[in-house]
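Let's have the full structure, built from the sequences with the hints guiding it.
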Amino acid sequence: MAVDAKELRTEIAGLDALEENVTAKRPFAQKLWSRVWPKLAALAIVVFLWQLVVWSHWRPDFVLPGPKAVGSTLLDQVKTGTFWEAVARTMKRAVGAYAAAAVIGGVTGALIATVKPMRTAFGALITGLQTMPSIAWFPLAVLLFKLSESAIAFVVVMGAAPAIANGLISGVDHVPPLLVRAGRVLGAKRLTLFRHVILPAALPSVLGGLKQAWAFAWRSLMAAELLAPSLGRSIGADLQFARDLNDAKGLFASMVVLLVIGLLVDGLFGAADHALRRRWGLVDPAT
Amino acid sequence: MTVTLAPPPLPRVDSPTAVNVSGVTKRFPSGLVALDGIDLSVNAGEFVCLVGASGCGKSTLLNLIAGLDSPTTGSVTVAGRATLLFQEAALLPWLTAAGNVELALRLRGVGKAERRSRAAELLDLVHLGGMGGRRPHELSGGMRQRVALARALAQEADVLLMDEPFGALDAMTRDLLHDELERVWNDTGRTIIFVTHNVREAARLGDRIVLLTSRPGRVAETFDVNIERPRRIEAPDVSGLAGHVTAALRKEVARHGR
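As given, the protein sequences belong to chains A and B, one line each in that order. Residues -11 to 275 in this note's numbering are what the first sequence lists, from first letter to last. Residues -3 to 254 in this note's numbering are what the second sequence lists, from first letter to last.
Worth flagging that the hints you see were computed from the coordinates, not collected in a lab. Heads up, some of the hints might be wrong.
[To be verified] Here are the simulated distance ranges between beta carbons: (1) 33/A to 104/B: 55 to 63 Å; (2) 23/B to 162/A: 25 to 33 Å; (3) 29/B to 103/A: 32 to 40 Å; (4) 23/A to 29/B: 52 to 60 Å.
[As the list claims (entries may be wrong)] Stretches of chain B that chain A covers, calculated by requiring three or more beta carbons in the stretch to come under 8 Å of a beta carbon on chain A: (5) 80 to 86; (6) 137 to 147; (7) 162 to 175.
Glycine included, every Cβ here is placed at the ideal spot set by N, Cα and C.
Right, dumping it as structure tokens:
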């Protein structure tokens, strides 16, 4: 043996120990509080500004109700079964169409990202589709599917799928070439290379695409529900009814519900993004 | 050390040549001639160091031997398989140290249960036992290079091609990794082709030093290293040989300044 193996082991262990980053982790409660209080403060400021506008009597109370009135309307609504029926229908539509968009956008994106002729043929088209306001698909959807659940799903999918495809394509484009070489050296071929190297490496961008697609899906869904309130109670239908009945408090309450759902879903994506970045070592462990 | 590595499938007695490069020229589409008529034969179990200034096509040559690229003319034959280690460890950042080693095993078709124990053995071999759960960003540069070495060993390739693997490390870490690599080489009997800018490193590690010219890359001179192991990088005979090689290298570099 070239060098005393035991001594070498000790030396290397010593060097490794010295290289160790010693960082004290902050307790979870403290971490949670540091993330929650700015949001609570922002909420308080917004509610206060809203109340200021109401106090200024810029518009009469029955058009622009204050936070307190809207709050009590919302509390009353939450106790009813029809409210939850509406939320459930909207969420079911959103999740179903979003899942379909994820599959369609994912497969299309993967093909365009990895097959060169596909890229040349459809790459620009996908980007073009993404800039198109998805509600522009609504008339076509009604022609194709009548005023039905399928029409709503169609609009949502057309809104969300291009964002998912684009997230995947740009993720694949930004995979570090060194990792691809490393994968090839390890013996990965086309499909295994995509599965074990390219796709995981593209994950941060894919997640970004999924997040953006959710925003598109949510907007498209609201637009579609507003235009098709006859298909059963939903958050969008409630908004439309509130407008038709000049029920400002109900309208505001529905908008608060939309905002809360939006924030919750954003929180989910935020948590996924944070977990991903921590895994990849892109988060300062001290924060 | 209780770790055992399966002997490479290469039948050494029949074919003592592990890598044979003959008359290899590599011309890139840009017109650049990276390699020009390279002849190089490496015996099984030999440790060969390639040194040269920038632009000598060292990395190109390794890519050709690794099969990542093909020569314009000439032939490259490898008895068995070759794998490549980079200057950056090139670990997949979303996998743990053990996960990186296991991926190499998985791509070779090793079963799931065996992958786990095999990866632990290999990490232990490079003195990273118990570190398998760490992610690359939680490891130092030297530790990452050792994971990369374990991953390369997991491929059970007959030939290890190393492209300046210790170039970005501090002197102390590099010194220890020289001992470490020599030990692993001793234990596993792999053939190693090691590219470096550092002539002393070459004299410390190699059985043979091959000096390449730059633009185009040709074999300028070959030095046999007849210094008994274990060696120390600061030993007088290592320094002496390094001085000799450096003189030749400087002469070659000066040629481009005229």
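Going down the list of hints, with the structure as the test:
1. 33/A to 104/B: 55 to 63 Å: Between residue 33/A and residue 104/B, where Cβ atoms are some 59 Å apart, the hint holds.
2. 23/B to 162/A: 25 to 33 Å: 31 Å, holds
3. 29/B to 103/A: 32 to 40 Å: 34 Å, holds
4. 23/A to 29/B: 52 to 60 Å: Taking Cβ atoms as reference, residue 23/A and residue 29/B lie about 58 Å apart, which means the hint holds.
5. 80 to 86: Since three or more residues must qualify, the claim that chain A covers the stretch 80 to 86 of chain B holds, with 4 doing so at under 8 Å.
6. 137 to 147: holds (count 3)
7. 162 to 175: The restraint on the stretch 162 to 175 of chain B holds, since 4 of its residues have a Cβ under 8 Å from chain A and three suffice.
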